[in-house]
Amino acid sequence: MNKVFIAWLTAGIVMLVLGLGMFYAGIYFFPKIADEYFSPVFRRAGKTDWTFYVHPFILAVALKWFWERYKGIFKGGILLRAVEVALVYGIVALLPILWLTFSAIDVSLKMIITWFIYGIVQAFAAGIVFAKLNP
Amino acid sequence: MRVTVSIICFLFILNAAFIKKNVQNVSLAKWVVEKSSSLNIQGETNINSFQCDVTEYLRADTLVYLKNDLTKKLSFTNSSLVVDIRRFDCHNRFITDDFRSALKADENPNLKILFLTIDQFSNNCNNQVVKGIVDVQLARTVKRTEIDYTVKCLPGNRIQMNGSHVFSFSDFNLKAPRKLAGLIRTKDQITVNFQLFFRAL
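The listed protein sequences correspond, in order, to chains A and B.
This note's numbering runs 146 ahead of the 1-based position in the first sequence.
This note's numbering runs 390 ahead of the 1-based position in the second sequence.
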């Protein structure tokens, strides 16, 4: 149980730090896309700010459950297993929900693509943590 | 008793003479605000800088003032410029919408600049820098501000006055836009630049 908790917490922290890093890199390299965050479809910063910072830990719970349930079918080294986790998460979870987001909310395709990459990289990092700590 | 009455009479005559002299040195005049007047606001976010413009002044406003020839001071009487915030264009639809919303344009669509005084204004105004005091009213908050104007006389009895001032959103009890849990931020300070054209009547 302790091992599971440490793996979850580590994955959450790694995804949070990585997410912030990717976000600022996105602002630096793609400022035009980042300008879109000023769109009224995005909530103003305020009382719900904490929910944004908690999201990697929610994702870590989901990915940890998935890892424990299906880790047996992921063969190979740490990186390969992490890539598989990331791709499964991307195809099964991210792609449909981002498709739905694009269809319903006024955000550009470029923005959606950045979120897709962001999610895949986060899941890849979580995959590495899980493969290392709970192989 | 007689001495006291004499002193009072003397002071009264002196005062009346002083008032008369002052009145003789004060004249009333008017400026009509021309359409070509413009105003822009420059700001910065942690992504980019932005500029929001209103390039046309569509109201037919007149500024009325008393000019004291001795002190060269202009004292305005109920003279203001009113800018419709909803006409601000920040050249990016997201920033435009967000900026209007930050200024609470739906509730209070007008930015009002009430002219109070301008000091040391002379008719020989080639790039002369003068100080003025205005009340800026935005989102139901008024801020008294001293502004340095550069004044230029143009042909046809026209006057150009350029000025600039740094304000903060917080001056007007407004919050600078922040999105995505504060990861996207607009700096609190904004620079307001204006280029006003007046025609003297």
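For the record, the hints were derived by calculation from the structure and aren't laboratory data.
It cannot be assumed that every hint is accurate.
[What the hints assert, rightly or not] Partial chain B-side listing against chain A, Cβ under 10 Å, derived:
#1 D487
#2 V556
#3 F557
#4 K577
[As the list claims (entries may be wrong)] Listed next, the in silico BS3-like pairs over lysine-lysine satisfying Cα-Cα at most 27 Å (straight line):
#5 A:K178 / B:K521
#6 B:K494 / B:K425
#7 A:K178 / B:K494
#8 B:K533 / B:K502
#9 A:K193 / B:K542
#10 A:K178 / B:K565
#11 B:K565 / B:K457
#12 B:K494 / A:K193
#13 A:K178 / A:K256
#14 B:K494 / B:K463
#15 A:K217 / A:K278
#16 B:K462 / B:K533
#17 B:K577 / B:K502
#18 B:K565 / A:K193
#19 B:K457 / A:K256
We put the CB at the ideal spot given by N, CA and C, even for glycine.
**Prompt:** Can you name, in rising order, the numbers of the hints this structure does not satisfy?
**Reply:** 2, 3, 4, 5, 9, 11, 14 and 19
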